[in-house]
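Peer 1: Go ahead and model the full structure; you've got the sequences and the hints to work with.
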Amino acid sequence: MPPVGDTPTGAEPTRLRAVIQSPVGTGVAAITATAVVGGLLLWAGGLDPWAAAGAMVRGSVGSWDTFVSITLVRSVPLILTGLAVAWAFQAGVWNIGAEGQLYAGAIAAVWVGLTWGALPGWVLVPAVLLAAGLAGAAWALVPTLMRLRLGVGEVITTILMNFVGIYLAAWMVHGPLQESTGVFPQTDRISEAARLPSMLPGTRLHLGFALAVAIAVALAHVIRRSSFGFQLRAVGASPEAARISGRVDAKKILLISFVGSGAIAGLAGGVEISGLTFALYEGLSPGWGYTAIAVALLARLNPVGVIFTGVLFGALQAGAGAMQREAGVPLAWVNVVEALVILAVLALERTRRLGSAGENS
Amino acid sequence: MTEVLARLSSIRRSFGQVVALDGADLELRAGEVHGVLGANGAGKTTLLNVLCGMTLPDSGIVEVAGSVVRFRGPRDAWAHGIALVHQHFTLVPAHSVLENLALGDRRPLAVVRDDAVRLAERAGLELTLDAVAEDLGVGDRQRVEIIKALLRDPRILVLDEPTAVLAPSEIESLFGLLRRLASDGRSIVLVAHKLDEVLGVADHITVLRDGRTVLSGTAGGYDVPSLVQHMVGTGVVDPAALGLESGAGRDSARRKTGATVVARLDDAHVPAAGTGSGLRGVSLSVRGGEVLGIAGVEGNGQREIALILSGRLVPSRGRVTLPEGVGFIPQDRTTEGLIGGFDLTENVALALHREDEFRDGPWIRWDEIAGFTDEIRTRYGIVSPSTTTSAGGLSGGNQQRLVVGREVTMARTMLVAENPTRGLDVTAAAFVHAEIERLADDGVAVVLVSTDLDEVLALSDRVFVAVRGELKEVPSAARTRSGVGALMVGGDAAGG
Numbered sequence: 000m001p002p003v004g005d006t007p008t009g010a011e012p013t014r015l016r017a018v019i020q021s022p023v024g025t026g027v028a029a030i031t032a033t034a035v036v037g038g039l040l041l042w043a044g045g046l047d048p049w050a051a052a053g054a055m056v057r058g059s060v061g062s063w064d065t066f067v068s069i070t071l072v073r074s075v076p077l078i079l080t081g082l083a084v085a086w087a088f089q090a091g092v093w094n095i096g097a098e099g100q101l102y103a104g105a106i107a108a109v110w111v112g113l114t115w116g117a118l119p120g121w122v123l124v125p126a127v128l129l130a131a132g133l134a135g136a137a138w139a140l141v142p143t144l145m146r147l148r149l150g151v152g153e154v155i156t157t158i159l160m161n162f163v164g165i166y167l168a169a170w171m172v173h174g175p176l177q178e179s180t181g182v183f184p185q186t187d188r189i190s191e192a193a194r195l196p197s198m199l200p201g202t203r204l205h206l207g208f209a210l211a212v213a214i215a216v217a218l219a220h221v222i223r224r225s226s227f228g229f230q231l232r233a234v235g236a237s238p239e240a241a242r243i244s245g246r247v248d249a250k251k252i253l254l255i256s257f258v259g260s261g262a263i264a265g266l267a268g269g270v271e272i273s274g275l276t277f278a279l280y281e282g283l284s285p286g287w288g289y290t291a292i293a294v295a296l297l298a299r300l301n302p303v304g305v306i307f308t309g310v311l312f313g314a315l316q317a318g319a320g321a322m323q324r325e326a327g328v329p330l331a332w333v334n335v336v337e338a339l340v341i342l343a344v345l346a347l348e349r350t351r352r353l354g355s356a357g358e359n360s
Numbered sequence: 000m001t002e003v004l005a006r007l008s009s010i011r012r013s014f015g016q017v018v019a020l021d022g023a024d025l026e027l028r029a030g031e032v033h034g035v036l037g038a039n040g041a042g043k044t045t046l047l048n049v050l051c052g053m054t055l056p057d058s059g060i061v062e063v064a065g066s067v068v069r070f071r072g073p074r075d076a077w078a079h080g081i082a083l084v085h086q087h088f089t090l091v092p093a094h095s096v097l098e099n100l101a102l103g104d105r106r107p108l109a110v111v112r113d114d115a116v117r118l119a120e121r122a123g124l125e126l127t128l129d130a131v132a133e134d135l136g137v138g139d140r141q142r143v144e145i146i147k148a149l150l151r152d153p154r155i156l157v158l159d160e161p162t163a164v165l166a167p168s169e170i171e172s173l174f175g176l177l178r179r180l181a182s183d184g185r186s187i188v189l190v191a192h193k194l195d196e197v198l199g200v201a202d203h204i205t206v207l208r209d210g211r212t213v214l215s216g217t218a219g220g221y222d223v224p225s226l227v228q229h230m231v232g233t234g235v236v237d238p239a240a241l242g243l244e245s246g247a248g249r250d251s252a253r254r255k256t257g258a259t260v261v262a263r264l265d266d267a268h269v270p271a272a273g274t275g276s277g278l279r280g281v282s283l284s285v286r287g288g289e290v291l292g293i294a295g296v297e298g299n300g301q302r303e304i305a306l307i308l309s310g311r312l313v314p315s316r317g318r319v320t321l322p323e324g325v326g327f328i329p330q331d332r333t334t335e336g337l338i339g340g341f342d343l344t345e346n347v348a349l350a351l352h353r354e355d356e357f358r359d360g361p362w363i364r365w366d367e368i369a370g371f372t373d374e375i376r377t378r379y380g381i382v383s384p385s386t387t388t389s390a391g392g393l394s395g396g397n398q399q400r401l402v403v404g405r406e407v408t409m410a411r412t413m414l415v416a417e418n419p420t421r422g423l424d425v426t427a428a429a430f431v432h433a434e435i436e437r438l439a440d441d442g443v444a445v446v447l448v449s450t451d452l453d454e455v456l457a458l459s460d461r462v463f464v465a466v467r468g469e470l471k472e473v474p475s476a477a478r479t480r481s482g483v484g485a486l487m488v489g490g491d492a493a494g495g
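First to last, the sequence lines map onto chains A and B.
The numbers in numbering that gives the first Met the number 0 rise by one with no breaks, and the one at position 51 of the first sequence is 50.
The numbers in numbering that gives the first Met the number 0 rise by one with no breaks, and the one at position 103 of the second sequence is 102.
What the hints contain is simulated information worked out from the structure, not anything from laboratory work.
Positions of the beta carbon are idealized from the N, C-alpha and C atoms, including for glycine.
No incorrect hints appear here.
Far from chain B by the CB rule (all over 12 Å, computed), these chain A residues:
| id | residue |
| --- | --- |
| 1 | Ala117 |
| 2 | Phe162 |
| 3 | Asn301 |
| 4 | Val335 |
| 5 | Ile341 |
Reference listing, derived: stretches of chain B covered by chain A, where coverage requires no fewer than 3 residues with Cβ under 8 Å from a Cβ of chain A:
| id | segment |
| --- | --- |
| 6 | 307–318 |
| 7 | 331–344 |
Pair ranges (Cβ atoms, derived):
| id | chain 1 | residue 1 | chain 2 | residue 2 | range |
| --- | --- | --- | --- | --- | --- |
| 8 | B | Ser58 | A | Ser21 | 24 to 32 Å |
| 9 | A | Pro184 | B | Ala130 | 54 to 62 Å |
| 10 | A | Asn334 | B | Ala130 | 42 to 50 Å |
| 11 | B | Asp373 | A | Val35 | 42 to 50 Å |
Peer 2: The structure is reproduced here in structure tokens:
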């Protein structure tokens, strides 16, 4: 075998490093690092890490019913928003606006559900979900056009659109869509016909979970096998090479990936309304649109991986509730854990890049 | 004069299964320009990376100024007075030239400016300190890289293929500079693929083959054929077969050209941007079966012509007629031709995925593209473990073979090639030249845009020079290195 000249530079690979740099290895290493650091923080705060860990496990995967009715149910919006983020990030579109797009979808869903509540379910449920997707897409269209027409970076605009979405929902439940007694800051409940059917009888798990999994599989297929998905990845990996190839319409890719991402995030809001809460209220989302970034990054933007990382974060949030009740751990701690996971993934991702970088040094 | 500044002995380095260096030696003396030669993949870049602290050797000894050192990174090498001019550019695109030069320099900007102006003057390099780096052409960027390395006042200056994109007069002034820098007591290490250039400037030659040093001696004792023999390692070498003799144009009589015009520009305009000239009314007809060569100093409009002819740029004014089936070899393989994080098959798909035979409605037929990629890999001798290797991990020569292989396939009617042999060794370059000739013989039009004058003169049926956004045809009497060189800088061709 003839030797090759220009070769990777920098760190010398070790076996441990090779394991950490494998896709699954990164996830496991990130979670391990998070568990260790998080445990130390709890201990430093005068709490019992072992009791907290026990509560976390019991509250998330302690029994079949806990796992299905709490963890999986909580994972649905995380998977969907995680897919929205992964899809956009694959194209190099930094959509930080899943939160606002989710609220836009939730508003549209509840409005359709209340307005046409008398329609039969087989019409109404699809209509509710379609409205949610369209509203999310419309919400994303604003930053998309600003990027395409004016060259304004989407990171800032999508974050700002989040605030607009959150406060629009707040205004809706105090104003035009407030429930009929006019007492509580929430909407009326949508009719039975507008609700997603149960997926497993006897549990709270609704068909939204199956829908999220189906979308994940479909997106993975599009990204891996289709011409469009390939162009999307090319633009994300190197806009310059994609442009010079002469076969990629970068503007079209940007438009579809961005608006499509908004549609999926909007759908997350619609599914939450139609499948679980049946009404819109302030604070519907505890920041799913932001957690989605961690979900997507931990899955390395792989849609099928998002199913698993979404369930993982769902378990984290389910377990957090139990930790709070049983071990007196503040809910804010969960946010710390999420941040730690993101930091660990980014750090490990970085070492992986450095380890396998090409000749550019 | 004979003080040894650095010595690398019995250096070994493997990357996984691949042995890059297998006992290489290099001895650098003060006051010498040292040429390092070798075919693509012989280990030149890895050896230089060891010298510059970017790669740790598996075994072997690195000595600098008489003491054994173990570099942990490029900073250690800098601290020992070793500076590298990168083959691929490392400038911050949004920063000005001056800001790029000052990056990592703790002195005030004004001091760096004075220093840079003085160095540029001494080097005979033109430098616009306030231009933004991303607006610069490749040639200008390289000049900035050289000045950047010189600002560190190194004892050993390493240049990896510095001449590939420079005009002849610039190459001469660069070599003049290298000689002056050497005579100040420095050691200059030069990697270049054009052997006659290296022989023209180097005092000492080291030849690598298969990761080993096979020759180390005074440059005066060798000529081009004997060096090629050492590089290739086989008994008989026919210089003509390697394209080493720059002929005076091709024998176009054996092929009928001029029949069909396949592409046409009429009065094409492109606004000037940055230090580039744009286009100011270019008209051109490209005929099937001809090689149309365009020479010129970087930034005189040839880039725009290549982009327009390949359908990547629409002129602001003027008419363009283009055929179907155009291949395009862009000037920078790492940022334009390939996506480093994609594997070989995906990089081939970048050009092929919309062709009917490689798709099934909206779906890509990956098996077909993978099979096709394997054909390209075999046919073009690309050294890689498999088609699922990422392109960023290939050597520069192999990357270029991949781009050339892909685009030659696409070129059913016309091939537009920008500096297609940049960074390739003689055998690889000869292969690319043969491919261009073969395409032309098959009736495909080839537009060859190159800063390598010898290449343009040797291959082209018609030669044009791009000067300040305009295109001038070179009369056959003026088709010599000096004649075209004079036109390139805006003068009249001698005897034209």
